[in-house]
Every structure is written in structure tokens, then in C-alpha cells.
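Colleague: Please build the complete structure, drawing on both the sequences and the hints.
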Amino acid sequence: MISRVTQHMLVGRELSSIGTASTRMAAAQETMTTGRRINRPSDAPADTTVALKARGAIGQNEQYQRNAQDGTAWLSTIDTTLSSTNKLLNRAYVLALQGADSGANGAAAESAIANEVDQIKASILGLSNTQYLGRPVFGGTTTNGSAYVLSDPSDPSSQVVYNGDSGSVNRRVGDGTVVRVDMAGAKVFGDTAGGDSVFDHLQALSDALRASPVDNTKVQTSIAALQKDMNGIGAAQADEGARMKQIDTASGISQDTTLALQKVKSDVEDVDIAEATINMQSMTAAYKAALMAVGKSTQQSLLDFLR
Amino acid sequence: MGSTFGSLNVAKSGLQYQQIAIDTANNNISNVNTDGYVRRRAEAAEVGGPGQPVRWSFTDGHGQGVATESVKRLSDLLMDKRVRTEHGNLSFLKVQQASMERVEATINEPSDKGVASMLTAYGKAWQDVVSAPDGEAARASVIAAGQSLAASITTQARGLGTEVEQQQAAVTENVKQVNADAQKLAQLNHNIFVAKANGSDVGDLEDQRDQIALDLSNKAGAVVEAQPDGRYTAYLNGNALVPPAGTGIGPDVANTLVANNLATSGDPDQDPSTTGTLSYSIFAPGQDPLTDTPAIASSFALTSGEIGGESVLLNYTIKDYRAKLNDLATGLASVVNAQHRAGFDKNGTAGVDFFSFDPSKPGGAAAQLTVAIAGHPELVAASSNTDANGNPLPLPSNDATNADLISEVLLGKPTAAVPTDGSIGSTGWTGWTDTATNVHSGTNISDMYQSMVAGLGSTVAGLNTQTTNQTMLTSQVDDEREQTVGVSIDEETINLMAAQRAYQASSRVLTVMNEVLDTLINRMGV
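Going down the list, the protein sequences come from chains A and B.
Numbering-wise (my numbering), the first sequence opens with residue 4 and increments by one.
Numbering-wise (my numbering), the second sequence opens with residue 23 and increments by one.
These are calculated hints, taken from the structure and not from any lab test.
Take the hints with a grain of salt, since some may be wrong.
[Claimed, not checked] Sample of chain A residues at the chain B side, in silico, Cβ under 7 Å: (1) Arg7; (2) Thr9; (3) Thr51; (4) Thr280.
[Said to hold, decoys possible] Calculated from the model, a selection of chain A residues having no Cβ within reach of chain B, i.e. all distances over 12 Å: (5) Asp50; (6) Thr83; (7) Leu100; (8) Gln101; (9) Asn118; (10) Asp121; (11) Gly129; (12) Val184; (13) Gly198; (14) Pro216; (15) Asn282; (16) Ala293; (17) Met295.
The beta-carbon is built from N, C-alpha and C at its ideal position, and this holds for glycine as well.
Modeller: As C-alpha cells, this is what we get:
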């Protein structure tokens, strides 16, 4: 109940109502111009946590995407290499079958077949050292730059040895999902240390074909060994394909998650433009009303009506 | 009618009173916008005839005119006290609100430049190292991201340090002001007492004194009360700053307020856990605050007014946040360093500390956090020395298991490196607990930081609401006081008119009397 209204009181109230109205208008304007509901943690403390979590998780999922891209590139490189290796082994297999038919070939022909087998071996050695961005994809985590080398670089027929290590190259492509993106050399090319590798088999075939007369028993052994090697590469391809699929799935999930998180972030952080516009309009109107009230009330006093 | 000229005196008293009434209205109107001015009213008192006329007296027992009893200052002591209390509470909140809003702006969350974003970016940079441990680029990037993260934390820590210094300066200034006010209050008590005894008008002195009392409440939440002898006393949390006259040290002197531990409370040059607690003491006049034991009160807290707000900031709010930030920096450095030391760098050498800080240096960990291996990308310990099956790997290696583990610590998946109790044992990080729930508030660095920011946001939001409410309450109380003490121009205009008319009427009486006497003296018996 107001019993007396004084000038000072009026002025004070007018000042504070103008102040309140302009503060609210400024807040509405900030929301409009920044396009954000949360401009500082106190605007919505609980939503701030949600926003920070969403931002963190979005960053994380973006990184998963990058990792998945990189992992896919590794596995594609391996895939191509495996196909080429398989083709070459197929050719060696056909040559072995030809060479085994010793009655039909002369010594010169056998020697030509053996030469081609030598070349296939050299090509597969090249393929075994395939690199992705400077790192051998079959060499584990080695820093040596190559996965397989000749024990005597000057002698192409010398033993091929593994130059890599037992490490693995992994990519994190989702929450708790780590996928290996390289391929253990032994899985593709066999056991070099135990003399049971693709290279050893090809060398044995070449040696058997060059023998005079052709060592048919050894050629037959090589044929069986090459068959086994091709199966091994098939298994490696299946393994690589499965991992590619795993990355694809994880990548799809993290894409979906990113979208969902962006929606969450937008919901808590971003302003509803329609609402903000209306809000600002009404704040502006309130401010104008406060100004007008001041204009009207301060003009008048009893003195206006006395003469 | 009494004596021949008695009526002239009655008219004269009317003229005099109305003149005073006009002057009073005039003074009120002149001071309509003066802060602290309390409106005055000329109190009229009827002058009655003698109750028992003496023998042969000419009086007929009617009134003898009007006298100005006093020019009354229309203040309401209880209302004034209420106003001071609410103003003290408002200042208490406003100081905190303003400060915490600045802190909030320093923290700059949620944004792309805050600590949270830098933490994410740092974790991502480690994942890039996982992708390309053989090159320099990714390693250099992780160092750069670490530097950005450290910089964002130190920026916050320094911002908080600046805020602390500002609050300390404010306390110093306010304590000075309070002591000056206390001296003035005591002086005015004396002046008003003496002037009243002399019968002088003390209205303007009382206005001044009320202003000072309000200022004392604003600055220190002082409880100022009027004593029966008209003096004002001022008490801070029950301790006498301006004591009543005649007790203890004698009349009209003020004691001295001194802030204790001001330099060390929330000192940015110290670890927040070792800082002093700001408290206050009151010394009697003549005591030396540096050497003497305070005679009036020692080491009490102030819980209202600006100084109260500043004390809360220095003793609790900012201090707590700084402590948490320091824990965060220490935790980050410990967790990352522990994992980094477990790895091996590009040359196959065992990893060294990634982050470094000197906790003994100003500001503790948060203000000192730097990247220890800055400029040496080859020292980034990305590799592990075992493969997935636990067999030894030859070093150096392009393995990046360790980089992945470090990113996991940061990117949100707690691993063994961050135990759930928040301690990491030998590295000295004890973690921090939420003071409200006493529960460890985060499972990893990001969670911790998020709950810090949310906690700060809640504090500021709470202060905003409280301040808004208190502002409304204060203006309500101000309005109520204004209703009593404020000057209304309309009212004064009416008073002025009334006085004017009454003056005219009294003059008219004089004219009438003059004519009557003219008849009596000049026309009779001629």
C-alpha cells in the first residue's frame, strides 16, 4: 500500500524500470546476435554440461572418422597387393604344372619356365614390400622401410628373410573399437624363418626346374606348396575384407552418432530464431513502454494546474 | 479580546509561523533531489491563554496565537535500520555477482577456445600421432596442441589471480573507507549531541549521519542503531566499531577495523590450499595494529556488505575454483606424464614427462603448466616396447600403442591410468571431491572440468537470482522509506499555498486590527 508518492520515488522507479527493460533487451539482443542460448555457463548450468559433453564427443567422433579413413586406405592397399600376389602365384602354379610335364619340354623350355618363376619371385618380393605413406604394410611397426629382404642382396636366389617386427598397426574407429589395419607378413607369405615361405617355395620350384633332368618329385611338392600358399592368401583376403567391413560399420555408427550429437548440441546451445525474434520484439516494446511512461509522468505536477 | 495590542501579537505569531512554514516548504522543494535528504515539517503549537487568569488581568482566556514548536525531521529510525540491513545484503551479493561474472567470462565456456575444446583437440592430436608416428608433423602437432591446452589453463589461472588481486585491493580500500566513516560517525554523534543541547537545528547533520550509517552498512554490513541519547552506534558482527558513549573507552571515539591475512588470502602467488583465511579485528583507539593484541575483537568474519562479499570470494568461491583448477592441471600432468613415461620416443628411448610445472612457483600447477618437450617432436613417446601379445618389440618402432592410450585417458574413456578414486598414488595427485556431495565428480579429466564449469555456472546463476531478488526487496524497502522521508512537490505546493493563504489571512487580521485601533484612537472622543 503506497500512502505517499514522492518525486524521488518516481524517478527511482523510472530509472530502475528503464534499467530492467534495457538489460532484458540487451540479453535478448545477445541471444539474437550470437544465435546461442548459452553464452556463459550461468545461462543454463545443466545444459552447459550437456553442451560440453556433446562438443567433446563430436570431436571424438570426428577423429574416429579420420581414423577410419586412414584405416580404409591401409586395408585397400593391402587388398590390391593381395590380389596381385594371388595372380602371380596363380601364374607360378600354371608354370609348375607345365614344367612338371617334362616329357613335352626340352631343357631350354624348362630353363625359360624357371626364369619366369624367378621373375615371379622377384615381383612378389616387390609386392611384399608395398608401402602405405612410407610404411611397409606387411612389416608390422618396423622403422626399417621394408618387410622382406634378400639375405644376400646381390644374389636373387638367396634366402628371403623377414625384416619387420611383430607389432601391429591399429586404428581406433569407435568407442572401444580398435581395428588392426596392417597385415602380418607371415600370414600372407608364410614362415620365412622356417624355410616355409612363398619365396622358399618359388625358389624350390625354380631350382627343381633348372635341375637336369627336371626333378619331378620336387616340382610336385612345389605345386602342393603353391596351392597351400594361394589358400593362405585367400584366407588373408577374407580376413582383410572382414576388417574393412568392421571399419565401415564403425564409421557408419560414428557418422550417425556425430549427427545425433550435433542435434543435441544445437538443441541446448542454439537459439530458436522465431522464439528469440518474438522475445526481442516484446523486450523492445517493454523498453519503449518504460521510456514512454517516464516521458508522461515526469512532465506533470500540480504546478501545471495552478495559476 | 484581551489587551489593546494583544491581538496584534496573535496576528504576528501567525505571520511568523506561516513564514517558517513557507521556508520549510521552500527548503523541502530545493532538496527534492538531494540524496539522503529527509523532509521537514514545521510543527505548529497553539499558544493557549493562561489557565488561571490573575486578578485584574486583561486576558479573556482565549488562545494567544501560534508558536513554531519545531521543524521536525520526518525520519523513521526503524525503517532506516531496515533499509541499511537490506542495502548491506545487496552489496554483499552484488560484489560477488560482479566478480563471478568476470570469472565466468575468463573461463569462456562453452566455446571453441576454452579448456574443454583444447582437451578434445589434444586428445585428437594424439590419435593423429597414432596414424602417423613415423613423421615429424603429427608429433609436432601434439606438442602444439599440448601447448594450447596448457595455455588455456594458465590463462584461466592468471585470470583468477587477477580477480583475487582486485578483490584484495577492494578490501583494502573498503576497510579504509569504513574506518573513515566510523571516525565521521563518532564526530557527528558528538556534534549533534552538542548542537541539540544548544538548541540548534541538527537536521542537516542528521542527514549526513544517516548517509554515513548507510555507507557503513553498504561497505561492511555494519549494524547501526540509535541510542537513547541520540547517538548512533555501529557494530560489525556484534563487535563495536563505534561504541555507545560512556562505555569502555569514553564518548565519541571510533575503533579501528583491520583485515587479517589479507595479503595471503587467495594469494595468486601461492598454492590455493596454503592460503590464509581473511578475517577481521577491531583495535581500540591508540593501539598499534602491527604490534598490539586487538582490544575489542579479533579474527571475526564479516558476512554482509561489500567487505563480506569480498571475503566470501577470497575465502571460498574463487579459492575453491582455483584449487579445482590446480587439481585439474596437476591431474592432467600426472596422468599424461605417467602414460608418456611408459612409452618410447622416436629414437627408442624411454619417454620423459610431457607436461611440467613447478608447484612451488607462483600460482601452483594451473598457472605454471607448460609442455616439457616443446620443440622436440622426436621425444613424443608414441610407441610401446611390446606387441599386442606381450612380446618385445624392437625399438625404435612405428608402434603407436602408447599414443592411443594417452588419447584414451583424455578422450573420455577412463583407463587404468585414472583410478576411480581420483588418486594416482606416487605421482601425488589426490584429485578433488565435490564439496557438496563429497563424491569424486569426474571419472576423467574432461568430466572433472565439465563439472567444474557447471558448478561455476550454478554459482553465478544462483548469485544472479539472489541479487535480482535482493534488488527487488531493497527497492521495496527504499520505497517504503521514501514514502516517509521523501519530498513530494505536489504536497509541498499545497503546503506552500496553504501557508501563503494563512499568511494573507494573518495580514488581513492586522489590517482589521489597524482599522479597529484607528477607530479607537483617532475617532473616539474627538
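Colleague: All the hints need checking, so say for each whether the structure fits it.
Modeller: Taking the hints in turn, this is what the structure says about them:
1. Arg7: holds (5 Å)
2. Thr9: This interface hint holds because 3 Å falls under the 7 Å limit.
3. Thr51: holds (5 Å)
4. Thr280: Result: violated, 23 Å to nearest chain B Cβ.
5. Asp50: The assertion about A/Asp50 is violated, with a minimum of 9 Å to chain B.
6. Thr83: For A/Thr83, whose nearest Cβ neighbour in chain B is about 20 Å away, the distance exceeds 12 Å, so it holds.
7. Leu100: holds (39 Å)
8. Gln101: holds (42 Å)
9. Asn118: Nearest chain B Cβ is 37 Å from A/Asn118, so the label holds.
10. Asp121: A/Asp121 is indeed farther than 12 Å from all Cβ atoms of chain B, at 31 Å.
11. Gly129: Given that every Cβ of chain B is farther than 12 Å from that of A/Gly129, nearest at about 21 Å, it holds.
12. Val184: A/Val184 not clear of chain B: closest Cβ-Cβ about 10 Å, inside 12 Å.
13. Gly198: Holds, since 22 Å exceeds 12 Å.
14. Pro216: holds (45 Å)
15. Asn282: holds (18 Å)
16. Ala293: The assertion about A/Ala293 holds, with a minimum of 15 Å to chain B.
17. Met295: At roughly 21 Å from the nearest Cβ of chain B, A/Met295 sits farther out than 12 Å, so the non-interface label holds.
Violated hints, in rising order: 4, 5, 12; the structure is consistent with all others.
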